[in-house]
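Asker: Given these sequences and hints, build the entire structure.
As given, the protein sequences belong to chains A and B, one line each in that order.
The first sequence: position 32 = 32 (our numbering), numbered continuously.
If you want our numbering, it's the 1-based position in the second sequence plus 153.
Everything labelled a hint here was simulated from the structure, so no lab data went into it.
Each computed DSBU-like pair below joins lysine-lysine, with the alpha-carbon atoms no more than 30 Å apart:
(1) K743/B x K626/B
(2) K117/A x K371/B
(3) K738/B x K149/A
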Amino acid sequence: MEHVLKINGQEHRVDVDPDQPLLWAIRDAVGLTGTKYGCGVAQCGACTVHLNGVPVRSCQTFVEDAVGAEITTIEGIGDKVATAVQEAWADLDVPQCGYCQSGQIMSAAALLSETPKPTDADIDSAMSGNLCRCATYQRIRGAIHEAAKRLEA
Amino acid sequence: MLPKKLQAMNFAASESSVAPTLSRRGFLISAAATATGLAIGYQVLGAKASAGAAGGPLSPFASYVEISEDGVVTVLSSQFEMGQGAYHGLATLVVEELGANWDQVTVRGVSANNDLYGNLAWGGVAQGSGGSTSMATSWDRYRKAGAAAREMLIAAAAQSWGVPAAEISVKEGVVSHASGRSAGFGALVKAAASQPVPTDIALKAPSEWTEIGSESTKRYDRVGKTNGAQDFTIDVKLPGMLTAVMIHPPKFGATVAGFDAAEAKQIAGVHDVIAIPRGVAVVAKDMWTALKARDLVTVSWDESQAETRGIDEIFTEYRALAEQAPTAMARNDGDAAAAIGAAETVLEATYEFPFLAHAALEPLNAIAHRDADGVLNIYGGHQIPDLYHYIVSQVTETPMEQIRMVIMKTGGGFGRRAVGDGDVVAEAAMIARAIGYAAPVKVQWTRENDMRGGRYRPAYVHKMRAGLDKDGKLVGFENHIVGQSIVAGTPFEGLIQNGIDQTSVEGASNQPYAIPNVAVGLTTTDVKVPVLWWRAVGSTHTAYAVETFMDEIIEATGGDPVQYRLDLLKDHPRHAGVLKLAAEKAGYGKKALPEGHYHGVSVHESFASYVAEIAEVSVEGGEVVVHKVTAAVDVGTAINPDTIKAQVEGGVGFGLGSVLQEDLTLTQGAVDQGNYDSYMPLRIDQMPEIDVHIVESDAPPTGIGEPGLPPIGPAVANAVYRATGTRVRILPFAKGMVA
Ligand code: FES
Ligand code: FES
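Answerer: In structure tokens, the structure reads:
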């Protein structure tokens, strides 16, 4: 069945089942692979994308529910907040394997858009759905604070 | 990961002094003695000569460094990148000596030439990454390659400019002469490649280093890991590529008896459903189609050879074995039994360690693609590339020369990508062959495949005894370890010596404390759950048993956890050095901790790196909260201090998750956990602040991918005891705190 998905400002026609998880439509049908598969059951956050600016787990979002929404993936975030987050991530050398980091950055950017000056507790609660098996958490906290600081300046 | 050694071995700076503990020949013969085809294949590979073996020294451009005419410097890495920073480490060595600019540098994994890429820390017997040896094996090799490439670029410039080579310098990617002439690497590389290869290469003195030891160097690959650009195996796109998902036996050792895929094949986009020796593969146009079809396949299993015991039965057996005499001794100093028999005070404790899953975030995968030239390209996380190369050749009956291994970075690894039977890589090859190489095929395990796919950190029981004489002096120490061998039945079986699999006892057999009578024994069990090296291998359990039991002993003597250890570490200055530094930085015994907070101490050497950790812990409503961990590490020369810190942070987080809550269990042989909801690595809200300090050293570099992990469990456990009076001897804490 054909659906139109608006991803990163561009419309993509995809021929997939309506109940297909958005994750696989983004990765396989559209071909954007920055969004990762880690668990498929909303436990790891590697597949996090923004739906109308709100972070969702694309592995648990059906294609039919994403039709008509503005979908943003790691390849498409480029606003001020997201850029500050990405730069802080690179400057603090957060990634190890890097596999979780698209999802981490999508969650972090959403957090900072809502809460420009998060506390450690805010960070822990907003980010606890994003697993990092390499345990880069200390730097994730640090990079979020750093991005907040830069955005304030 | 791979065992670092056949016995304790000091890494040394020069290639020749990294003496193989066994000769290559010795290794191969012992490996071949496993009588498996794999071992023999490994032997064939090992015998492969390098291009330069016959003539003079090999050009760096034919081995370790490529420079393109547009100036891109590609470091050809013998070491595997799974997140630990090996690629960046090797690149640092090349950049330092070559004088490259980081912006022009990239790294690619290479294989199929053991003379060039064999791991020198293993005596060069095979290429592979493990035992935290990437820097030790590369330290000379890659600096020399960078230096030789620099000399050849200079020679080319001297020739073309008609000036003496001595007047030419190289800095940040620019070759320049006092006259003002300068050129980039790309412009010179063609002429450079035909220059004589220097035989006597002077490496920079440490005082001249600008990259090695620099605090400010950032990982070359960081940006691609923040914008989605970094490709992993899961992301590889090939024209017409199919995706396969696997149905594996529900119990280890079961095999496919039959299957019905009629309904699955009705689904549009399903290419085929096939049985291979490792299970049933559903091959479809994309992942979701394959997953949907997989639900419709029914498989019947032959479980006659399967493991059918549950975890409780396994532990019951282990506990009983632990009470009997060990079947082999790994260490026997003096007479521990007699000393403990005559002791005034005897301490006893039994520890239980569960199976643990690697659970890397990228589930296992591999791609097989026979291209138009008939070359079979195998993409994947090839941590032991030559072995996988051989396995692919065997399962597809394809000559080795017609197979190309494409080495991808992986989303974590922790040892899981180094498997004796090549599991997922073999699957990709088998499936590609079964579908007649009709299209490239990617095998992608689901999280559940990955969790239930075996290859766990083995479960172990440790029985400990210690004796104090009437003066309170520690006179005897016994440690009996019961559990599976990681290497038995694999191409690495030659590593078992005198009945001892070193990976079962490392960290216990070489515990450093000055005790007159020490006995470390092993009983190797027979369980059909496949096991594997898991970040820090033997030290994941031996450090816990030794360091928490030491804490009990110290308490019985009335000593101080830091001072008592130091007193017994007089002959081990590097252990003592990190312990002192960690204690000082943590303010141990000096700083007043907040109400209800306690310090726990641990020190451990693994893979020739020394790490002490002091954990600040409170227990609130039964919940263990780790507030801060102060770590001190001695890894010899610190090549990339920030990577070292990152690996200690990661090792602490990885290890902390395992002791707090990771627990892989079985019921009647079937794994109970399937996903991260039931197998629970650490999350951010449990992550302590971690403060890492590096001991200054000019000793040759050792590794840090693993050694940060072992001390964290015992450091936390020792603090928990202070907070609660409970000695946690059954892991994880989620189980052991209530037991
Ligand atoms: S893949 Fe969606 S949360 Fe893990
Ligand atoms: S960086 Fe490896 S999983 Fe997060």
